[in-house]
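As given, the protein sequences belong to chains A and B, one line each in that order.
If you read the first sequence in this note's numbering, its first letter stands for residue 1, the second for the next number, and so on.
If you read the second sequence in this note's numbering, its first letter stands for residue 222, the second for the next number, and so on.
Read the hints as simulated data drawn from the structure, not as lab findings.
Every residue gets a Cβ at the ideal spot worked out from N, C-alpha and C, and that includes glycine.
Hints are not guaranteed to be accurate.
Sample of chain B residues with no beta-carbon within 10 Å of chain A, all distances over it, derived [claimed, not checked]:
| no. | residue |
| --- | --- |
| 1 | Leu268 |
| 2 | Tyr279 |
| 3 | Tyr362 |
| 4 | Pro379 |
Stretches of chain B that chain A covers, calculated by requiring three or more beta carbons in the stretch to come under 8 Å of a beta carbon on chain A [as the list claims (entries may be wrong)]:
| no. | region |
| --- | --- |
| 5 | 293-306 |
| 6 | 385-391 |
| 7 | 394-401 |
| 8 | 405-411 |
| 9 | 424-437 |
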Amino acid sequence: MSLDFSFLTLKVINNIILTGLIFSFKLTLIAMVLGIILGTLLAMMRLSKFKLLSSFALGYVTIVRSIPLVMVILWVFLLIPLFIGRSLGTEYSAIITFTLFEAAFYAEIMRAGIQSVKRDQANAGYALGMNYFQCMRYIVLPQAFRNMLPVLLTQTIVLFQDTSLVYAIGAFDLLKGFSIISKNFNRPVEAYILATIVYFIICFSLSYLVKRIQNRVRIVR
Amino acid sequence: MFTLDWSFLSKKVVGNQTYFGWLMTAWETTLTISFFAFIIAFTLGFLMGVLRTTQNKYLVLIGNIWTEIFRNIPVLVQVFLWYFVIPKIFPIFSKLPAFALAVIALGLFTSSRISEQVRAGIQSIPTDQRYASLALGLTTYQSYRFVLLPVAFRLVLPPLTSEAMNIIKNSSVAFAVSIAELTMYAIQVQEETARGIEVYLVVTALYFISAFIVNLLSILIEKSIQIPHFIGGRK
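Can you make the complete structure from the sequences, with help from the hints?
Right under this line is the structure:
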């Protein structure tokens, strides 16, 4: 069979592929930032001495991690209109889903990060008269964050790959762009070959970057 | 605030089949996809992981390329690749049903993750063991077969358990190529019956139960093969 990529005009690239790519990146970035913030809070709750907080965090993380992401995407898309009475559209629904979902994964990473900081460090902070939040903010979290930076970034690559699953609710992401091309030009073979190549290049370069950062962090310490 | 109405489960879809019957078939499909995909993932993942720890740089390269390719493409894109592209380029695959193509896609995707676990497992075995076995006159093959792999296999079991649970979760992407597994059921029946919450609840519960079963099985397997005085072996 012969491949025909002639449908790939500047207009198609601009209107379809780039639009999708920008949304995929936007979704990844927002979910990463909000997910890490929420995940750090969950990790702090999980390690808290208050039983109620730690069981809530444990329950949240366990439940979210055992449901397939596609089901979580569908759940949020179904529930939002029931709670606020109107639909927020697929894109906001996707952003909310990924923030809530990834928070559970970032929480586990941050928990390991906080536990990787020696207890003496926190004790020294308390001895200096800091309270819990100051101690976390100035001593424990910066080190935890730095120790876990490569893992957090690796999780973010997984997050970027997972954004393709918004296909389930039809949000316009990179993969949706290629599936539109596949249908409009009736060229599924070429469209999905392109999709594979684009996703591979992005993910492969990102993992290369993470490896570089990992080596850097290691040297500094 | 919501009243749940489960009556749709006993309603007929077509012929004699009820929504409940369809649900059970869908669950079976999810488990079957996951089971076969795990066999592919385990076989190829183990092989590639082992190749990456050998002293032969070509074998290492093959293992590395394999892992990088299948790890850096989203699973849903891989499913589309196997469904739309591969059968057109290699006509031999056009005879396979969508189900088999999804199984292959999911299996290869997961094999890259298992290859990582296996490589890490073998590399965590002290190098003394490898050298000792070579010093005793074992060939490379024998040192893997009798010394390294029996230990590595037990070491990677806990991460393999989470991969097995991941495969069940990831099998949900098969909905995109219209395979009637649990997620497809959820989407379809939600539209047909408008009982979204109930449908999603029951489907989510089945995913939970599936993960729980895998977890239980792996605890049994781990207990029966753990190495005394070794990581994970408490007695």
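Item to check | Those earlier numbered hints the structure runs against, lowest number first | outcome: none
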